[in-house]
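Same order as they appear, the protein sequences are chains A and B.
Quick note, the first sequence lines up with residues 1 to 340 if you use our numbering.
Quick note, the second sequence lines up with residues 1 to 681 if you use our numbering.
In case anyone wonders, no lab produced these hints; they're calculated from the structure.
Keep in mind the model is a prediction, meaning the values are calculated, not measured.
Take the hints with a grain of salt, since some may be wrong.
[What the hints assert, rightly or not] Result set (EDC-like, lysine to aspartate or glutamate): computed pairs, CA atoms no more than 16 Å apart in a straight line:
1. A:K207 / B:D364
2. B:K432 / A:D80
3. B:K502 / B:E488
4. B:K427 / B:D364
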Amino acid sequence: MFELAMQKEHYRIFEEPMIIFSAIREGLRRVTASPKLILFLWLFNFVMALPLTLLMSGQIESSLGASLVSEKMQKSFDLDWYEEFNHSAGALGKTFSPAVIGVGPFLGNLESWLTGSLFANYAGIVGLGLGYMIIWMFLLGGILDRFAHREERLTMERFFSASGRYFLRFVTLAVLSGVLYFLVCGFIAPQLFALIAESTRDTTVEKTVFFMTAGAYLVVAFLLMLINMIFEYAKIATVVHDQRNGFAAVLNGVQFVFSHPAKTFGLYLALGVFLLVGLGVYSIVAPGANQSSVINITLTFLLGQIFLVMKLIMRLTFFGGQMALYETMTERMEPAPATV
Amino acid sequence: MKFKNLQNYFMGITLLLGPSHLTKAQAWQVLSPRNANYTIEVKLDPKTKMLEGREMITWRNDRDQPTNELRFHLYYNAWKNTRSTWLLERTLTSQIPPRRDGTQRNLREDDWSYVNVSSIKILPQGKFSTTDLTANKRFAAPDDGNAEDQTVMVVVLPQSIAPGESIQVELSFTSKIPRTFARTGFRGNYFFIAQWFPKLGVFENGGQWNCHQFHAGTEFFSDYGVYEVKMTVPSNYVLGATGRLVEKIDNADGTTTHHHMQADVHDFAWTASPDYLVREKRFEYPGLPPVDMRLLIQPEHFRQAERHFAATAAALQYYGTWFGPYPYGHVTVVDPAYESGAGGMEYPTLFTSGTRWLNPAGGDSPEGVTVHECGHQFWYGIVGNNEFEHAWLDEGFNTFSTARAMEAAFGESAWVRRYFRGFIPIKFDEVKLPRMTSGNRLQGYRPVATSDAQSTLTYKYFPASGARITYDKTALWLGTLERYLGWETLQKIMATFFERYKFKHPAPDDFFAVVNEVTGQELTWFFEQVHRSSEIFDYAIQSVSSTPAAPEGLLDMNGKMIYFGKQKSATNGSEKIFRTQVVVRRNGGAMFPVEVMMVFANGDTARENWDGKERWKLFVYEKPARLKFAAVDPEHKLILDLNYTNNSKLLQPAATLPARKWASKWMIWLQDLLATFAFFV
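So that you can see chain A by itself, here it is in the shape it has in the complex (with noise of 0.2 Å):
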């Protein structure tokens, strides 16, 4: 008897990790089942990049002319030149600093993801951005429908109207959601910034402070992955169960999070991990400033898209598995989906 109960213990111990790598190998394999989609989803992904690129380099052209600096910066980086563009270009140009180079973007947005700055960046790139998101919001129905249904075959007729047929469902979660995202990183992380300032007004250690501050982050991260979380799951319910009340979406996501949340937090958090360890990864490897033939820079740029591209299969892989574990767990409790 003891035996027995030894190895059933012994099996709810690896059950919950099991679970979550099944379901990343699963989430995985979907992804890379559907090479097209990740190609297509790059492709928006750098298009929509291009036309304020070709401004910014129209801008560095001009700035470096026929100029002899732009010798020196086809070898390397002129801090005086930068400083130079920096003080006469406008707010576009602007945001060119040398923390383009390396990891530098990477850590950048990560900052401004975690202080939610992004949406205090120039106009121009704010309203690409919010573009991005409704694009990105209208082609997530068609990415999840692929994933919900990845034996059938991927036609752009059926991505396109599973996007349609989601958007303005997504559309009402994307607003819940941003309530909610704006509660966190307009109110409740100035708060807490601010609270921290308070409290160590009279503090004299830097250390106590970085990690006061690391721990706020932490909890700014927290939030915004859980919100992030339970609309993912919404955004799986609607698709699985073709769920047309957003709120009903919203209910799903919660009580499926709160009922496994060994499962769903671990799942998450390994996804988050891979990341970062692909960002360590990354920093390791990131060429630096001094490419000057065109081959080494289209090399550099390449990787630099390659990382974009890992990036992208992990954020479709946050989708693909959590809609494996959501499956997975659905199918073993067979749930009523929640109804408003």
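Using the hints provided, position chain B relative to the given structure of chain A.
Chain B alone, transformed into the frame defined by chain A:
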């Protein structure tokens, strides 16, 4: 007390104290006029943030006119309320934006400060007898007439003090320590105490006191003297102060009195905290006197102690070698507490550096600030110019010297960006900070280049941009002089100026005279532009062209008029000849002689000197090769040139590839940013 008597008095003290307190040379050698001497006793109450003090000042009128008053700086009154000149001026900057109701953001009752002089009396000496002057004190606002500013106190004397005469006065005062303003104040149990006692202004030839109100953009000005200060603090506090420790007495009430003394200085600052760790090291370098370095460091920065010593030693070595030796034999380096606001400030024989818990080696911190503040021991401490009026004489000289010493000691620093509220630094090794431009802070000067002529008195600079004219512009024109005259000459100029004006109060014209004297040149034209005007320098290659030199049209040849049509090439014998035209332009209002260099495709080079006075100049060549590029000021001598990118022009532009290279890196940032936006839906 006559000067000679006073001198004997202090010699007596130093002999009594013996060589353990002052170096032998210092004990016997009077370095400065020592006409403003302070003996102060002060007690710190860490709970109430109060200082209780009593000071005896012995002042000798060493000027050519008598005076019937004394003028004191009461710096702590600058942060008494928002009506002070300091805070009114500070609202013109973005540093402390006022609220609509006029109060300052995040300030509470306990954060404000004041200094209250409760009594002032003359002590019997010479023709003076004991006289209570407390009723004779009033506030004055000589700069702006602000009746609510209380940073200058005037005390009318019953008798005037004739040239050569001395007076002894005793003041009792209470100072409320502010939450740090202008690098003095407290944070928790950390105290940095500067500008804390009633301090005499400087009486000048002509019979006027130079005792300005405290302004947002200025620092200080005082006479040299001997400071003997007894500071009583809780016994568990570590104390650092100007001068050497003479005596330390543990009191019955759990406090300890630290007795410090320093001669030939013009200020006295101190710091106390229970958290400091102390490390000591001796600086030794051939040809320079040794210096005992005492480092008070925060425990979390202990691993950076050697970096602080290395930077301090670099300053003592390079400044000592270039300008003149550091004479005091000891220096205290203070690593201030986190966010205490006390970092990066100089006081005689003591300065504050400033670092972060995470601070990668190879960036410019904490080395830069340490070299800079230690460097102020030379420019400010030893050469004691008036920082209210000509702060550029020390701040600018020191900024230039810092950049030079930093490069000599540590090489080029790399650019560091701090992420996540500044806690996480990432060093970008490939982005170097060039000494001449970044070190001399061209980026700071550029946006405010025309805000004020440098000759404007410092306290009258626009507060938001004054520092840039003070620090950056001076460093940039010194950098320009270095490349124009050569370092050897500039070093000789600065060393001569240092030697001639050490322990004195030089004015701008004193420096300009030294420049002309050492160089044997009349460089007034240069200072007229960099110092007395706010014009900018900007030379540019406006256009370049290289075309076949063959003429077109009707030409007189052998008495006949012959028509030449457009030709694809021109030859001289078998060589093809090209006509190259280069237009150089002066975009800025200021002028500087510049070199213009033309490099041709066949490797030929042509160099021209242009006085740079006209608005533009055409250079024409007929050569058997096309131009490759032209550059004005190719050696970048004119560091003040605000736009150096336009100083050169290639005939065949090559900016497309570099622009694409950098735009492609930026694109990766943008792509990732867009993906980050997508997280939220």
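Hints, verified against the model:
no.: 1; hint: A:K207 / B:D364; in the structure: violated (21 Å)
no.: 2; hint: B:K432 / A:D80; in the structure: holds (10 Å)
no.: 3; hint: B:K502 / B:E488; in the structure: violated (21 Å)
no.: 4; hint: B:K427 / B:D364; in the structure: holds (10 Å)
In summary, the numbered hints that this structure violates are 1 and 3.
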